[in-house]
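Trainee: Residue numbers (the working numbering), protein chains in the order written: chain A, 1 to 399; chain B, 400 to 485.
Calculated from the structure, these hints are not laboratory results. It should be emphasised that the depicted structure is a prediction, and the values quoted were computed from it without experimental measurement. Just to be clear, a hint being listed does not mean it is correct.
Said to hold, decoys possible - Only pairs whose alpha carbons sit at most 30 angstroms apart, straight line, appear in this in silico DSS-like list of lysine-lysine:
1) A:168 - A:139
2) A:139 - A:186
3) A:50 - B:436
4) A:50 - A:67
5) A:50 - A:13
6) A:13 - B:436
Spelled out from the first residue to the last, the chains are:
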Amino acid sequence: MVRGSVEFSVSGKYPERFINITSRHRVRLWHVHRSEDHFTACMYRSDYRKIRPLARGAGVRLRVIDKNGLPTMLFRYRERVGILIGLCAFVLSIFVMSLFVWSIDVTGLETLSRSQMNDVLREHGLYIGAFKPSLDVQKLSRDVMIERHEIGWMAVNLTGSYASVEIKEEATPPEVDDIYSPCNVKARSDGVIVRIEAAEGETVVMEGSGVIEGQLIVSGIRTDEQGTHRLVHADARVMARTTRQASFSMPEQMKLLRPNGEVAERRMLDILGLRLPYRVGSVDSPNTVSNADTEVPAPLGITLPIGVVTDHVSALSEEEFTLDDNSAKELLMREAQLYETFALQHCTIEARDFRLRHDKGVYTLHATYTCVEDIAYSDPIGTDENTDFTPYVAPTEKK
Amino acid sequence: MKEKQKESKRRSPFFSALNAPCLELSGNRELLIEGSKGVLEYATDSVRINTGGMIVNVSGRELNLRCISDSALIIDGFIMSLSFTV
Chain A
1 MVRGSVEFSV
11 SGKYPERFIN
21 ITSRHRVRLW
31 HVHRSEDHFT
41 ACMYRSDYRK
51 IRPLARGAGV
61 RLRVIDKNGL
71 PTMLFRYRER
81 VGILIGLCAF
91 VLSIFVMSLF
101 VWSIDVTGLE
111 TLSRSQMNDV
121 LREHGLYIGA
131 FKPSLDVQKL
141 SRDVMIERHE
151 IGWMAVNLTG
161 SYASVEIKEE
171 ATPPEVDDIY
181 SPCNVKARSD
191 GVIVRIEAAE
201 GETVVMEGSG
211 VIEGQLIVSG
221 IRTDEQGTHR
231 LVHADARVMA
241 RTTRQASFSM
251 PEQMKLLRPN
261 GEVAERRMLD
271 ILGLRLPYRV
281 GSVDSPNTVS
291 NADTEVPAPL
301 GITLPIGVVT
311 DHVSALSEEE
321 FTLDDNSAKE
331 LLMREAQLYE
341 TFALQHCTIE
351 ARDFRLRHDK
361 GVYTLHATYT
371 CVEDIAYSDP
381 IGTDENTDFT
391 PYVAPTEKK
Chain B
400 MKEKQKESKR
410 RSPFFSALNA
420 PCLELSGNRE
430 LLIEGSKGVL
440 EYATDSVRIN
450 TGGMIVNVSG
460 RELNLRCISD
470 SALIIDGFIM
480 SLSFTV
């Protein structure tokens, strides 16, 4: 096909002589068919030029029947420059396109999100449209692993224009409790002790008594019967009834942005990272909210560098309204519920008390919670050489 | 030169010593002759091949030379008889 072949007929008195001449000159013949007074055969185009003068010596006459192959085709279309240019442009575009990364797939993500990973890869030069020869994938993997400690192992495989990023996130080691360094257990906040579950140390506060923030509850200094003191790592769970207060405010006059029903759709053709808009829509409002969807064709699971981006734009209009007592309480109660969910998630709430006040155009909800919670925290006892044992001296004022 | 070396490797020492051609017949439809020295006669019902030490006579119907190189050729068609002239 590439070399081109010639189909020809041989006529003469001794055509066998011609066959032997071709054999002697190492010219290959195929599809040799005998007819009454001549035979036909095929040979390479370059060989035909070489053998033609020798055929005269053999007393045979050659006549070309057909020519095939790439040289013949190029010769046939030599006048049509456009086809040649188009062919060259096609080959060149395929070559140039193969120099870029057009599809990235990331596997093995657990805690990291895909967008986070895309940003990290982009910072290190791997993105859709990246120039492939300038990428050093091993260095990229190393740099990303150094930068992001969550990633324990990473490999980037480039197959053609497709980059496959495999990630193995690092397993976080479990926290090991320090059970050897001496410490006291103190109260984190004010409260009334409900229950003390001491695993180690000497309890100095009775159940039912009130404590203030920072007060010693379980001591890390144990004294045995002989009067010897020993430092231990005090460990206890101290359940206490505490009071938590919170207040939530909201102005009486409120402004809200609400969708007014006016929507527009914008569409763009994403070709090789270049976005070309082909449907333009707009809304008559300075405040808008948009939601973009990207549709990327992926035949046989291979993402193509072509896609359609649809941007749904909704217009928002500003509305002003005045809250009454009920609506203000309803809105503030929602905030209180969020506070309970997030701030008091480790507490058992025994009672709630809400009071709504309206003062100078502002609604305020005062919430008081009675909770039962663990108020213990470990306070280390300084025994090492870095501990400063010098007594505290208050600075004297200069006169 | 390389092709000759390859050919000598392919052929067994016994046949090489005899300087005999190697013939491979597939049913009666195809005959491969390695070690041909030239085509003496070529017609649709008869083909005679010179192999140096002898002449291979192939007779049949619709005989064609499918491929010819400097030392081998393939004859296809309906081979009716095969004889040798030593």
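Trainee: With reference to the structure, classify each hint as holding or not holding.
Mentor: Verification of the hints:
no., hint, result
1, A:168 - A:139, "17 angstroms, holds"
2, A:139 - A:186, "50 angstroms, violated"
3, A:50 - B:436, "21 angstroms, holds"
4, A:50 - A:67, "16 angstroms, holds"
5, A:50 - A:13, "21 angstroms, holds"
6, A:13 - B:436, "21 angstroms, holds"
Figure legend: structure checked against the earlier numbered hints; the only hint not met is number 2.
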